[in-house]
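**Student:** All chains, full assembly: derive it from the sequences and hints.
In order, the protein sequences belong to chains A and B. Under numbering that gives the first Met the number 0, the first residue of the first sequence is numbered 0, with each subsequent residue one higher. Under numbering that gives the first Met the number 0, the first residue of the second sequence is numbered 0, with each subsequent residue one higher.
Hints listed in this document are in silico derivations from the structure and should not be mistaken for laboratory results. Note that the structure is predicted; figures quoted are calculated from it, not measured. Just so you know, not all the hints are guaranteed correct.
What the hints assert, rightly or not - Straight-line distance between alpha carbons at most 20 Å, and here's what the computed EDC-like set of lysine to aspartate or glutamate pairs gives:
#1 B:Lys159 with A:Asp109
#2 B:Lys161 with A:Asp109
#3 B:Lys56 with B:Asp282
Read off the chains here:
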Amino acid sequence: MLVWLSLHAEPQLETLTPAHYLAFFGDRFHYSILWDTLLLGAKATLVCLVFGYPIAWICVRASARWQSVLVFLVVLPILTSVVVRTFAWIVILGRQGIVNQAALALGLVDEPVRLLFTEAGVVMVLAQVQMPLMVLPILAVLSRADPNLADASKALGAGEWRTFWRVTLPLSLPGVIAGSILTYAACVTAFVTQTLIGGARLIYMPLHIYSQAVGANNWPFAAAISVVFMLAVLVVVYALERAGRASRSYVHA
Amino acid sequence: MSTSTNRRTFLAAGAAFGAAALLPARGWSQGSTLVAATFPGTWNEAHRQILAPAFRKRTNATVTQSIILAHDQVSRLAAAKGGQPPFDVAIFDSPQVLDAVKQGLIVQYPAAKSPHFKELLPQFQDKWGPVISMQVIGIGYNPRKIKTPPRSWQELYDPKYKGHVGLTALNSQLGIAFLAELNRINGGTETNFEPAFKALKALLPNVGAIGANLGAYATLWQQEQIDIAPYNFNFVQTLKGRGVPVELSIPDTGPVGWNTSLHLVANAAAPELAVQYIDTHLDPAVQAEMLKPPFDVIPTNSKVKLQGAITQSIAKSHADLGRIRGFDWEKLNPQRGALIDRFNREIRI
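**Tutor:** Next comes the structure, spelled out in structure tokens:
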């Protein structure tokens, strides 16, 4: 349906044409938005991984009692709506927000730093909002990993770090890949967070599709860029999936 | 004698009770629940608090008000064309009326069935649906930071406001009206928007934030992220009512605005109720109630005397309402897509 609509010149579906696809790739404005969006997803996923992995690691190692508390804290954000969480971040990052007020009070900065409406802000908020999607798969894989393997590594004379890099990390790779796929897909399509924190000047694909469809009433073009966006995300997810398969064979080998 | 009266009263009361109990059930089956569109912010609150109870009192029917922006309403009605529309009463700003008429999404308003229609000031008696209010734009500012009210749009360019000027994306009526006014004062015409984009480019270094939509825009004011920006009279009144430091100043170039109107949707599920609902909005008692703060909805019924915040800056008399400058949407509408596209390109970081 989407593909069919995207191949027509007008919403009434009268003339068949590939013009919308040509327009998309013929104009730097459009394809740079696609590139920015894919890159944004990569950055947010990376930040999520850097912070999420240690959280999952700590959860696994904590005592049973603490483990349930920690897992609850990780899941807690999912229980509130994305809109609410994002608005909370507006309050935190704003000119009068907690971050800026604290920095001003400590004398770190002379005047409020711009955090809202910057890509750094969007990456930060996306990473927090989508964190559970990264932590939970890693947590699942880590807790299933046989602790004897790590003990064996240590018994054979490897230090903590060496054990981590050579044993624990490879074992947890399938979880990392699964978490990355989920986080990535959620980040690139997070319309609410992208528009509320990014504002109108940082244009990403979801906002672009929305404004073409609803603002400019150009449904076929919106359909065309949706198809392009979907394919691009599928390519990334497929690449991650392949990496995941490779890592699984590594684990079983 | 007395027993018979008692029995009669009892029966009557019982019948009334039974009827009352039956009414909602019958209502549902006959579609006497009306679905009406409303705008976010001021409108949604005024409609929920004033219009819905008045409508219930008048017709004994209930109304579900769903918050949808004007161009979203056009899109949804167009998508549902031929079938049952998602709502019975549409609320449009001037430009959407033209779009909706062109696409056959609304029908002519049956004025004969609407007793209050004739009481409207003549310019508001539109055959496609009565104008229920006007929306006026001016310069919004934070009175805590800016002591003297801005007198001209030129003040947005003042270097001392660097990073504190706000704008809103062109998906809102406010955004497009501001761009059109910027164009006009810089010598542009409805067919030549070059002056507006030149002026926009010059303004961008001062701009601290551009709200992606009106909700995000209101948050910018609440968080004092922006101190001076184009804004809409009614939104300012609502925010002020919530204790947000914001005031509106009408520049020397005069107030500009557009009409807001209610319409009967084509193929509406409950057309009779829809007309009753719209007529309730024209009732002088309802309009007088909406004129009170914090709503300050500009009335269109000739029987409602202007008062309150409106008379301080926008219009002292009914004649002044006619002097609020509008735009030629007939010419602007076809360019809307191109303007949005150009605007997004210009502002993108």
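**Student:** Indicate, hint by hint, whether the structure satisfies it.
**Tutor:** Hint-by-hint comparison with the structure:
no. : hint                   : result
1   : B:Lys159 with A:Asp109 : holds, 17 Å
2   : B:Lys161 with A:Asp109 : holds, 16 Å
3   : B:Lys56 with B:Asp282  : holds, 13 Å
Taken one by one, the earlier hints all hold for this structure without exception.
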